[in-house]
Amino acid sequence: MTKFILPLILFVVLAVFLAFGLTRDPREIPSPLINKPAPAFVLPQLADPSKSFSSKEMRGKVWLLNGWASWCVACRDEHPVLLELSRMGVVPVYGLDYKDERRAGLAWLEEFGDPYALSISDTDGRVAIDYGIYGVPETFVIDREGVVRYKHTGPITVEALQKKILPLVRELQK
Amino acid sequence: MRRALLLPAMLLLLLPIAARADEAKPLADDPVLEKRVMALSETLRCLVCQNESLAGSHADLAVDLRQQIREQMKAGKSDEEIIAFMTDRYGDFVLFLPPVKSTTYLLWFGPFLLLAASVAVALLYLKRRRARAGDDPLSEAERKRVETLLGDS
Numbered sequence: 001m002t003k004f005i006l007p008l009i010l011f012v013v014l015a016v017f018l019a020f021g022l023t024r025d026p027r028e029i030p031s032p033l034i035n036k037p038a039p040a041f042v043l044p045q046l047a048d049p050s051k052s053f054s055s056k057e058m059r060g061k062v063w064l065l066n067g068w069a070s071w072c073v074a075c076r077d078e079h080p081v082l083l084e085l086s087r088m089g090v091v092p093v094y095g096l097d098y099k100d101e102r103r104a105g106l107a108w109l110e111e112f113g114d115p116y117a118l119s120i121s122d123t124d125g126r127v128a129i130d131y132g133i134y135g136v137p138e139t140f141v142i143d144r145e146g147v148v149r150y151k152h153t154g155p156i157t158v159e160a161l162q163k164k165i166l167p168l169v170r171e172l173q174k
Numbered sequence: 001m002r003r004a005l006l007l008p009a010m011l012l013l014l015l016p017i018a019a020r021a022d023e024a025k026p027l028a029d030d031p032v033l034e035k036r037v038m039a040l041s042e043t044l045r046c047l048v049c050q051n052e053s054l055a056g057s058h059a060d061l062a063v064d065l066r067q068q069i070r071e072q073m074k075a076g077k078s079d080e081e082i083i084a085f086m087t088d089r090y091g092d093f094v095l096f097l098p099p100v101k102s103t104t105y106l107l108w109f110g111p112f113l114l115l116a117a118s119v120a121v122a123l124l125y126l127k128r129r130r131a132r133a134g135d136d137p138l139s140e141a142e143r144k145r146v147e148t149l150l151g152d153s
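Taken in order, these protein sequences are the chains called A and B. Here the numbering used here is used: the first residue of the first sequence is 1, the next is one more, and so on. Here the numbering used here is used: the first residue of the second sequence is 1, the next is one more, and so on.
One thing to keep in mind: the hints can contain errors.
With a Cα cut of at most 16 Å, we get these calculated EDC-like pairs of lysine to aspartate or glutamate [as the list claims (entries may be wrong)]: (1) Lys-36(A) <-> Glu-34(B); (2) Lys-151(A) <-> Asp-25(A); (3) Lys-99(A) <-> Asp-60(B); (4) Lys-151(A) <-> Asp-88(B); (5) Lys-151(A) <-> Asp-130(A); (6) Lys-74(B) <-> Asp-136(B); (7) Lys-99(A) <-> Asp-124(A); (8) Lys-35(B) <-> Asp-88(B); (9) Lys-174(A) <-> Asp-130(A); (10) Lys-74(B) <-> Asp-29(B); (11) Lys-99(A) <-> Asp-64(B); (12) Lys-36(A) <-> Glu-145(A).
Listed next, with one range per pair, are the computed distances between beta-carbon atoms [said to hold, decoys possible]: (13) Lys-174(A) <-> Glu-52(B): 41 to 47 Å; (14) Arg-87(A) <-> Leu-33(B): 50 to 56 Å; (15) Arg-145(B) <-> Gly-21(A): 24 to 30 Å; (16) Ala-116(B) <-> Val-13(A): 16 to 22 Å; (17) Pro-80(A) <-> Asp-29(B): 44 to 50 Å; (18) Phe-109(B) <-> Arg-59(A): 44 to 50 Å; (19) Leu-6(B) <-> Gly-21(A): 54 to 60 Å; (20) Ala-122(B) <-> Val-73(A): 53 to 59 Å; (21) Pro-80(A) <-> Leu-33(B): 46 to 52 Å; (22) Val-13(A) <-> Val-119(B): 17 to 23 Å.
I should point out that these hints are in silico values taken from the structure, not numbers from a laboratory. Just so you know, these numbers come straight off a predicted model, no measurement behind them. Even for Gly, the Cβ is constructed at its ideal location relative to N, Cα and C.
Based on the provided sequences and hints, a complete structural model is requested.
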């Protein structure tokens, strides 16, 4: 009988590890930017490319930076959540239009609604690389000091908004 | 009539080959630099298709990141500086060869620990078995039987 105890224990340990592995999403890569200063950038505004927007303007405010694109299908899933968030008016969301054509981006906002305080064009995707974005949508929560406090990979769900992002934003706004 | 259709049809079959032909991107003007770019991007993971290297991937981001590497090499950056650029943005996950540090000790040394443990267990087992075998010599009757069985026939 005792002969089986050790293999059984080994099996259970292995099974627990494998089961835990199944619950993790391999596409979610931890960002090294958390608790580091958000990379500074100056980019043309989507609505009016003659005007630029600098991330420094956001000093003293808690804000979200949301990477999106008109060609991004998952962004459509996320869009209603962002619209709801902008309706709540709790925190400004800035849109980083990633590797998009300006006209397509504007048409997309026209069609689905514009939840952004402002959108900026990252046409060659360089700012996105600075932020370690590897697919849109991705969202960063940035605090008053300009430090990245949280990153959400993939579409923001209602659950993620209620349980993680909004509580964090309220905490940071205190 | 049929034969007239045959040639265009056969040419159509060649189309997929022609379509693939444009995948080979023209090399940069400097083949030495391009070799360095490829060698380095071989060691970096494509974030989009995670089991591919940056060198092998056709993902948009991989193309952009290779371009970044190319530009930084042109600007005289060392491989280490470029790797630091990547890990600052994407974390150690971009490296196919993870660095040795406290969080990766288990990853690096775990296999050797397992090996040492299994060698120890095997040695212990063999030692015990040998001791048991020594404890139990053949009796006189058994020895005789062995001799008759193996003995000169």
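Against the structure, the hints:
no. : hint                                 : verdict
1   : Lys-36(A) <-> Glu-34(B)              : 33 Å, violated
2   : Lys-151(A) <-> Asp-25(A)             : 15 Å, holds
3   : Lys-99(A) <-> Asp-60(B)              : 10 Å, holds
4   : Lys-151(A) <-> Asp-88(B)             : 15 Å, holds
5   : Lys-151(A) <-> Asp-130(A)            : 14 Å, holds
6   : Lys-74(B) <-> Asp-136(B)             : 77 Å, violated
7   : Lys-99(A) <-> Asp-124(A)             : 6 Å, holds
8   : Lys-35(B) <-> Asp-88(B)              : 24 Å, violated
9   : Lys-174(A) <-> Asp-130(A)            : 29 Å, violated
10  : Lys-74(B) <-> Asp-29(B)              : 12 Å, holds
11  : Lys-99(A) <-> Asp-64(B)              : 11 Å, holds
12  : Lys-36(A) <-> Glu-145(A)             : 10 Å, holds
13  : Lys-174(A) <-> Glu-52(B): 41 to 47 Å : 44 Å, holds
14  : Arg-87(A) <-> Leu-33(B): 50 to 56 Å  : 51 Å, holds
15  : Arg-145(B) <-> Gly-21(A): 24 to 30 Å : 57 Å, violated
16  : Ala-116(B) <-> Val-13(A): 16 to 22 Å : 19 Å, holds
17  : Pro-80(A) <-> Asp-29(B): 44 to 50 Å  : 48 Å, holds
18  : Phe-109(B) <-> Arg-59(A): 44 to 50 Å : 45 Å, holds
19  : Leu-6(B) <-> Gly-21(A): 54 to 60 Å   : 56 Å, holds
20  : Ala-122(B) <-> Val-73(A): 53 to 59 Å : 55 Å, holds
21  : Pro-80(A) <-> Leu-33(B): 46 to 52 Å  : 47 Å, holds
22  : Val-13(A) <-> Val-119(B): 17 to 23 Å : 21 Å, holds
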